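Protein chains in written order, with this note's numbering: chain A, 1 to 123; chain B, 124 to 353.
Hints were generated in silico from the structure; no laboratory data involved. Computed from a predicted model, the values in this text were never measured in an experiment. Accuracy of the hints is not assured; some may be wrong.
Label-pair distances were calculated between CB atoms; the ranges are [to be verified]:
#	chain 1	residue 1	chain 2	residue 2	range
1	B	LEU344	A	SER109	24 to 34 Å
2	B	VAL230	A	TRP15	27 to 37 Å
3	B	LEU238	A	ILE43	41 to 51 Å
4	B	SER323	A	ILE43	41 to 51 Å
5	A	PHE40	B	GLU175	50 to 60 Å
6	B	GLU175	A	LEU20	25 to 35 Å
7	B	TRP156	A	TRP15	30 to 40 Å
For every residue, glycine included, the Cβ atom is placed at its ideal position computed from N, Cα and C.
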Amino acid sequence: MRGFAIIIGFDGLGWLLHTLAGVPLPSHVLGLLLLAAALFLNIVRVEWVEGCAALLTGHFMLFFVPLLVGAIAFLPLIGDSWLAAAVSVTAGTAAIMLATGFAAERLMSRGREKGHEQQRSLF
Amino acid sequence: MNSSGLYSELLFGVSVTIIAYICALLIRRKFRWLHPLVTAPILIYTLLLTGEIDYSYYEAGGELVTFFLGPATVALAVPLYKHAIRLKDHLPHLIAGALVGSAAGLVLNALSILLLNGSKEMLLSALPKSVTTAVAVDLTRWLGGTPELTAALTALTGLFGSLIGPPLLRLAGVRGAIAAALAIGAASHGIGSARLLADSEEMGGVSSFSMAACAVFTPLLLLPLHLLIL
């Protein structure tokens, strides 16, 4: 419960920074950055939050379910541009993923030549 | 609407969501290829249709579940921190990779809509669809697009990316686990990361890092465009 209080607290802090201080980044991302900074600076000990964080991130998919139900309900809004939307969602996403994957792999292999540890293969 | 009505709506929405999610996880045990984020919404939507229940009756409970996306996003700081030592050597590469991913996301999203003569509303709503939903919706409001449309496109993008991500990258010859996780986080945000998180906390951590970095870089890259539109 302490972990949840800390995480909600940082979420709120992010919201305050976004809404009141007008920091032009989304509030949850600000909360994430602040909590990461607090962990690195040893203001928050990782043991306090790891249990609750594992529970929340382990069920990340659950929290997306209502948005996807809403997405089905809002699909008619796509209207005339449905082809553009479909291509963007499929081919666009695939292209973004490949561009990023190849760029990251090149960056990584350059790092490896400098003597960094070997990457393991995931898939 | 009286308070007991709201209470029953919340109870309905929350329990339907959780039960559908558990069913979807059980179904995946039998059919590995059925993504829970495909099954669960379809189960709920089917229930609403067959029971002739209005979508708005589900909405309140649904929004309560969606609320936890916020704390869950913040909680991603923990896997990020825990893998920081392993990531430390790669940090400059990860940041550069995420920057490439953000730029590629904006350019390719715009290009795909423009080439197929999508409306201006579609262009503005689809532009930020590769970043995490909360950010994408924020950005669309800022640019003048339609938030609901963006939410739908962002969710579909994440879903599609998390479905095709691992096989696509493997086929394309991206062998490094870190590079693959980075690409999945950049192209399909939290939904892609969620799938990786379910299998490996480490890869989920890299993917979440990439998602968070893109959520920071994309607004910064859009800033000049926003100034041009206004």
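Each hint, compared with the structure:
A hinted range of 24 to 34 Å holds for the C-beta pair LEU344 of chain B and SER109 of chain A, which are about 26 Å apart. For VAL230 of chain B and TRP15 of chain A, the Cβ-Cβ distance of about 31 Å falls inside the hinted range of 27 to 37 Å, so the restraint holds. Look at LEU238 of chain B against ILE43 of chain A: about 49 Å separates their beta carbons, and that is inside 41 to 51 Å. Judged by the Cβ atoms, the range 41 to 51 Å given for SER323 of chain B and ILE43 of chain A is violated: they are separated by roughly 28 Å.
PHE40 of chain A and GLU175 of chain B have their C-beta atoms about 53 Å apart, which keeps the hinted 50 to 60 Å range intact. Checked against the hint of 25 to 35 Å, the C-beta distance between GLU175 of chain B and LEU20 of chain A comes to roughly 44 Å, which is inconsistent with it. Remark: the range hint 30 to 40 Å for TRP156 of chain B to TRP15 of chain A is upheld by a beta-carbon distance near 39 Å.
In summary, the numbered hints that this structure violates are 4, 6.
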